[in-house]
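**Student:** Go ahead and model the full structure; you've got the sequences and the hints to work with.
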Amino acid sequence: MSITTARPGTPTVVLVHGAFAESASWAGVIAALVDDGYPAVALANPLRGVRHDADYLRAVLTGIDGPVLLVGHSYGGMVISNVPVAGTDVTALVYVGAFAPLAGESAADLAGRFPGSTLGDTLAPVTLPDGATDLYIRQDRYHQQFAADSTAAQAAVMAVTQRPITEAALGEPSGEPAWQSLPSWFLFGSEDLNIPVAAHRFMAERAGSRRTVEVPGGSHTVAIPEAGMLVDLIREAAGATTTP
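Note that my numbering has the sequence shown beginning at 1345, numbered continuously upward.
Note that these hints are calculated values from the structure, not bench results. Fair warning: this is a prediction, and the values are worked out from it, not measured in the lab. Built from N, CA and C at the ideal position, the CB exists for glycine as well. There's no promise every hint is true.
[Claimed, not checked] Pairwise CB distance ranges, derived in the manner of DEER restraints: (1) Arg1482 x Ser1525: 35 to 41 Å; (2) Ala1388 x Pro1469: 20 to 26 Å; (3) Gly1515 x Pro1428: 18 to 24 Å; (4) Gly1583 x Ala1496: 17 to 23 Å; (5) Ala1430 x Arg1482: 39 to 45 Å; (6) Glu1558 x Asp1474: 24 to 30 Å; (7) Ala1430 x Thr1471: 36 to 42 Å; (8) Gly1552 x Gly1583: 16 to 22 Å; (9) Thr1471 x Phe1546: 15 to 21 Å; (10) Arg1482 x Gly1431: 24 to 30 Å; (11) Ala1584 x Ala1468: 39 to 45 Å.
**Tutor:** Structural data, given as structure tokens:
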């Protein structure tokens, strides 16, 4: 049985959050997609490792009938880039303040390639029973670092509900990325403090982005206050890559 139900030709939009967020961070986007008749799945990204998380996403895709459009935020871009798409109906990729790696590159590599990221100074490590390390953003630094264009009240809730990522996941190298064989679209903010805007521009150009939207003043989570911009980009990607 399929996870979703869609009218013929309408893609299911699978939304993949990144580190320090969770699936409800897509709420505004989901509401607009549902109003438009797009089925959607907000993946509960495990945030345990690039290959682990990509395999989890691939397992979820097996329960979706018909075309699929993948949307990744931040580290979620690593996941949608690495999901094995052979044998699936994935038609397009949308990157939202996200990493779009080449084989061998990690999230940490790309975030540090250009100056401007201040994420490292805001992180709080937690040692796990197996000796691994989980990373959180300190709650008192979350608004400015992660979501400066959201309200203080919104950011406070996001800080409390954030899900951690393993330190190892941020250093894990990518495999051959799906954007080399699938069309891609990019949206990001000019004031992203996690991934410098120069890195976003570089990755979008390298991936041959069909359309790149840079939001002046936008933060790392620009698609929360600007959900409409992302939904417009998703509509464009859906229209360009699916048939009636």
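**Student:** Look at each hint and say if it fits the structure.
**Tutor:** Taking the hints in turn, this is what the structure says about them:
Hint check: Arg1482 to Ser1525, Cβ distance near 39 Å, so the stated range 35 to 41 Å holds. Under the hint 20 to 26 Å, the C-beta atoms of Ala1388 and Pro1469, about 23 Å apart, fit the expected range. Our hint of 18 to 24 Å for Gly1515 and Pro1428 holds, since their Cβ atoms are close to 21 Å apart. About 37 Å separates the C-beta atoms of Gly1583 and Ala1496, a value inconsistent with the hinted range of 17 to 23 Å.
Between Ala1430 and Arg1482 the Cβ separation comes to about 41 Å, which falls inside the hinted range of 39 to 45 Å. Taking the beta carbon of each, Glu1558 and Asp1474 are about 40 Å apart, not inside 24 to 30 Å as hinted. In this structure, Ala1430 and Thr1471 meet the distance hint of 36 to 42 Å, their C-beta atoms being roughly 38 Å apart. The hinted range of 16 to 22 Å is satisfied by Gly1552 and Gly1583, whose Cβ atoms lie roughly 18 Å apart.
For Thr1471 and Phe1546, the Cβ-Cβ distance of about 34 Å falls outside the hinted range of 15 to 21 Å, so the restraint is violated. Range check, Arg1482 to Gly1431: about 42 Å between beta-carbon atoms, so the 24 to 30 Å window is missed. Hint check: Ala1584 to Ala1468, Cβ distance near 41 Å, so the stated range 39 to 45 Å holds.
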